[in-house]
Structures are given as structure tokens and as C-alpha cells.
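Q: Under my numbering, the sequence shown is numbered contiguously, ending at residue 533.
Hints may contain errors.
Claimed, not checked - Lysine to aspartate or glutamate pairs mimicking DMTMM-like chemistry, simulated, CA-CA at most 20 Å apart: (1) 487 <-> 375; (2) 513 <-> 105; (3) 120 <-> 401; (4) 496 <-> 363.
Hints were generated in silico from the structure; no laboratory data involved.
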Amino acid sequence: MCQSAGAMDPWTILWTTALLLFLYYYFTGGDNFFDKNGIPYIKPFPFLGNMAQTIFRQRTMTDTIHRTFKLNENAKYVGFFDFGCPVVMIRDQELAKNITVKYFAHFVNHRGFVDPEQEPLFGNNLFTLHDDHWRSIRNLLSPAFTSSKMKGMFRLMSECAASYADYFADESRDKPLEVDSKDAFTRYTNDIIAICVFGIKIDSVRNRNNEFYIMGKRATNFEGLKSLKFFAVRSFPRLAKLLNIKFMSSDVEIFFKKLVKETIETRDKLGITRPDLIQLMMETRDNKEGPKLTIENMTSQAFLFFFGGFDTSSTIMCFLVHEVAARPEVQEKLQREIDEVFEEHEGDPPYEAIMNMVYLEAVVTEALRLHPNAAFVDRVCNKDFELPPALPGQKPVVLKPGNTVWIPMYSFQHDPKVYPDPQVFDPERFIKNGKTIANSSNSLTFGQGPRMCIGNRFALLEIKVLLVHILRKCSIRPGKKMILPLRLSKATVGMAAEGGFWIEFRQRDI
Numbered sequence: 024m025c026q027s028a029g030a031m032d033p034w035t036i037l038w039t040t041a042l043l044l045f046l047y048y049y050f051t052g053g054d055n056f057f058d059k060n061g062i063p064y065i066k067p068f069p070f071l072g073n074m075a076q077t078i079f080r081q082r083t084m085t086d087t088i089h090r091t092f093k094l095n096e097n098a099k100y101v102g103f104f105d106f107g108c109p110v111v112m113i114r115d116q117e118l119a120k121n122i123t124v125k126y127f128a129h130f131v132n133h134r135g136f137v138d139p140e141q142e143p144l145f146g147n148n149l150f151t152l153h154d155d156h157w158r159s160i161r162n163l164l165s166p167a168f169t170s171s172k173m174k175g176m177f178r179l180m181s182e183c184a185a186s187y188a189d190y191f192a193d194e195s196r197d198k199p200l201e202v203d204s205k206d207a208f209t210r211y212t213n214d215i216i217a218i219c220v221f222g223i224k225i226d227s228v229r230n231r232n233n234e235f236y237i238m239g240k241r242a243t244n245f246e247g248l249k250s251l252k253f254f255a256v257r258s259f260p261r262l263a264k265l266l267n268i269k270f271m272s273s274d275v276e277i278f279f280k281k282l283v284k285e286t287i288e289t290r291d292k293l294g295i296t297r298p299d300l301i302q303l304m305m306e307t308r309d310n311k312e313g314p315k316l317t318i319e320n321m322t323s324q325a326f327l328f329f330f331g332g333f334d335t336s337s338t339i340m341c342f343l344v345h346e347v348a349a350r351p352e353v354q355e356k357l358q359r360e361i362d363e364v365f366e367e368h369e370g371d372p373p374y375e376a377i378m379n380m381v382y383l384e385a386v387v388t389e390a391l392r393l394h395p396n397a398a399f400v401d402r403v404c405n406k407d408f409e410l411p412p413a414l415p416g417q418k419p420v421v422l423k424p425g426n427t428v429w430i431p432m433y434s435f436q437h438d439p440k441v442y443p444d445p446q447v448f449d450p451e452r453f454i455k456n457g458k459t460i461a462n463s464s465n466s467l468t469f470g471q472g473p474r475m476c477i478g479n480r481f482a483l484l485e486i487k488v489l490l491v492h493i494l495r496k497c498s499i500r501p502g503k504k505m506i507l508p509l510r511l512s513k514a515t516v517g518m519a520a521e522g523g524f525w526i527e528f529r530q531r532d533i
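Construct all of the structure, not just a fragment, from the sequences and the given hints.
A: Now the structure itself:
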């Protein structure tokens, strides 16, 4: 197939980028930030830094970061080269909390990696916005994710989850049904976002080729060449702009912009009002003070919510369901709690009943601890900040504006000093005297401080609701195609199981 005029072969782009960066590295050299400040680090590979083994699929991103984290157990932080960019990786949890909470004013932003002019869909959303612009949009969107709003969305989620549970129960009535759980759960999160954000009812488990789901899969696929494009755009944004490397395809941008535009036009025409994100953004058009969002702005925010919910939540569900399926004793205890709640509320438990389930909360929290949805979160220093000495007896280190720090969530949550036997799935570690002791400090999966994930309540609710309805109707176990013990895939930058996630459903007699 011929390439269109002006287009460059992706591999040509990749090797051109590699050559230019190698020449830059070779001829510029420069002082090493970590050597100058006495910070332990692993010697980097030319221009790839400490990312080489991840790029060449020899290690997962998680393994690469965890290996660096364990470099020196006495260090409060260590050094990591994200390609040519020196990153201070925090090892001390109290210091991490100070950076993300107490001294947040020094670390407001994430590292920007998408040019908003080149990719407005991905470059103008809440995650990538900076400083006062981020604050104004965050304040604008926060009311969409309060507990009262979640309670209002609960019924929509419950109906969707019950429909999925019915499907799995019906299909497994006569013999076990083995499914690709990543596919199944992305269809579920797709339908939840469609109904709760856009007011569109979709049944993706039965209507398998609907456009909403197809575009979602295309937008969130990080495998193969897409992962290389991600690294190129993220790590070398100026070069990516020069070579016109775009992270998001134009057809995805067109689809979501059209979707938001038509949703707004329909609501305006028919006078429809819904308690959701789109409605909240529509109301900014009447603001006399504060931001007024254009269609482009609304599309960018809605897309971020879709992007995060579609892939991240479904991945959490995959790990969670796998852990429950692999442990009959956990599953049986959880099913007893679920059955009791259903019986107490005559088959229709309300929002409060689900949220007050002690063992369910502990199971979900332990899954989040063991399998966070990312290896780290980042913060960029925006004004001088003095770190304590990296090692005893050394001098403090002053971070300057533009310096990057990473909070390695996976490593913190696998620290044996905090969580004995950290590789063991043990929900009981979050239960004391018959009550859950889970709180935001137990899991960093959704981040920490003012910049933590705005949709964390939404994600936790849709996860719990699905698990409750599935285990009410079905029993589960790892599928025959599941590679055991579970290993993380090296083929993608995100969290995924090698060989995929496979679960076997069998209808329960209730």
C-alpha cells in the first residue's frame, strides 16, 4: 500500500529520532545531575537512559522502575534517566506525601508531553493543563464527582452491571464460559461512560461492533508501534512536533468532537438536563465569571474521562477479578457477604449498602495495592525546593523549576516494611475489628494530594458494582488460556498480563 504524500514511515521516524538524539548526546555531554549531588543511580544507556530495557521489551516498565527503587535502601531518593531527562525517584513515603500534599505549590504540574495545538484532544485536558488553567478547570469539574453525584449515577451503573452479569450467567448455564476479561470489562466501562457521561445507552457485550467501543479501543491501544509513538511524543515533544508524529489518530478526534457536539445540540433542542459531566460543562456557557468552555474544550475533558475510564478501570477490574478467581476462599467469603446484602434488601441493594460492604472494600483495596494502574506518577518542580540529603551525611539537594520527580506507586505498595509479604493477595490486611481500615493513604493507585485522579470515586463505584453483580450470578476461576502464575506483559507500556486475561464463568445456583 502506498503512503500518502508527506507521510513518513513510523520506523523511519523512530530511527531518525534515535540518530539525532545519539548525536546530541555524543556532542553535548554535560555534567551529570546525580553525580554532582551525590544521588545513587544506575549508569544509563546512551540517549535511552534507563529506559533501554523497557524499549527493547526486556523488562516491563514496572520492573525497570522497581529495580531502580531498590538501588539503595538507605536513600531517600535515587536517580533515573528517562531517556536524557534526569528524574529524581522518591523512596521515602513521607517525602512523597510532602511533595504531593504539603508542598504541592512547588509541584503543581505533570510533565507536559503533548502539544495542545498539534493534538488538542489530548493536549487540553485536565491531566495535561498547568497552573491556574488547571486549577480553574479542576474547580469547574469537581462538582461532577461528589458523593451525591455518584449516588445519582449508581442506578445507571447497577442496571448495566446486572445486564452483564445476566449475560455471563446465561451463556454459562450449561457449560463454563471462558472469556477475554479485558475485552469484556472494556465493553462494560465503555457502556458505563456512554450512559453516565453522554446519556447514550449501549450494550457492547451483545452489540459488539458499535462505533463507540471501536473508537475507544483504537484510542487506548498502547501495543506495538503505538507504544513507540507514545515514548517518542512523551519524551521528545519538540522532535515529535517537527516530524509530525501524532499520538492520537485524526479519526478518533473527529469522532469524539462530533459526539460531544451532537450531545450538546440534542440537549439544547429538547431541553434535556442530566446530572453529568457534559451538563456541567454546558452550564459554563452562561458564566459571567470563570472559564467558558468551547466545544473543543468540552471534547478534550470528556475524552480524558473516557480515556481514563475505558482502559484504566477495566485493567483494574481484570487484576481484581483474576485475584478473586484464583482464590476460592476469598471468592466464597465475598459471595456470602454479597448474598447477605441482596437478601437484606430483597434483591436490590442501594448505593449505601454496596459502599458499606466491609470485605468487598478490603478486596478492592488489596487489588489496588498489589496491582496499581501505573508504575509511577510524576510532578514537575515549578519553584525552588530543597530536598533533604539523599543519603546520611550528605548535603540537601535543591530542585530547580523544570526538574522532574517520580512517585513510584508500585514500589511503595510492594514495600515489605509497610506490607508484610507484599506479593501475597491478602484482603485481611485492611480489616481490623470487623471494619475496613482502607483509606487514601493505603493505596496510591489514584494519586495523592490536590492532583489525585478526579474520577477516583466514579472508578471505584463502577468496579464494585460490577464485581457484586457478577459474583451474585456467577462463580469464576482462571481460564484455561490464562498464563499462571500471572506475569506482566513487556509488549505494552501499560499494565497487562502476558498472554492476556482469561476468566471462566459458571452460573451459580441461587
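Q: Hint by hint, note whether the structure agrees.
A: Against the structure, the hints come out as follows:
{"no.": "1", "hint": "487 <-> 375", "verdict": "holds (12 Å)"}
{"no.": "2", "hint": "513 <-> 105", "verdict": "holds (17 Å)"}
{"no.": "3", "hint": "120 <-> 401", "verdict": "holds (13 Å)"}
{"no.": "4", "hint": "496 <-> 363", "verdict": "holds (14 Å)"}
Every hint, counting from the list given before, is met by this structure.
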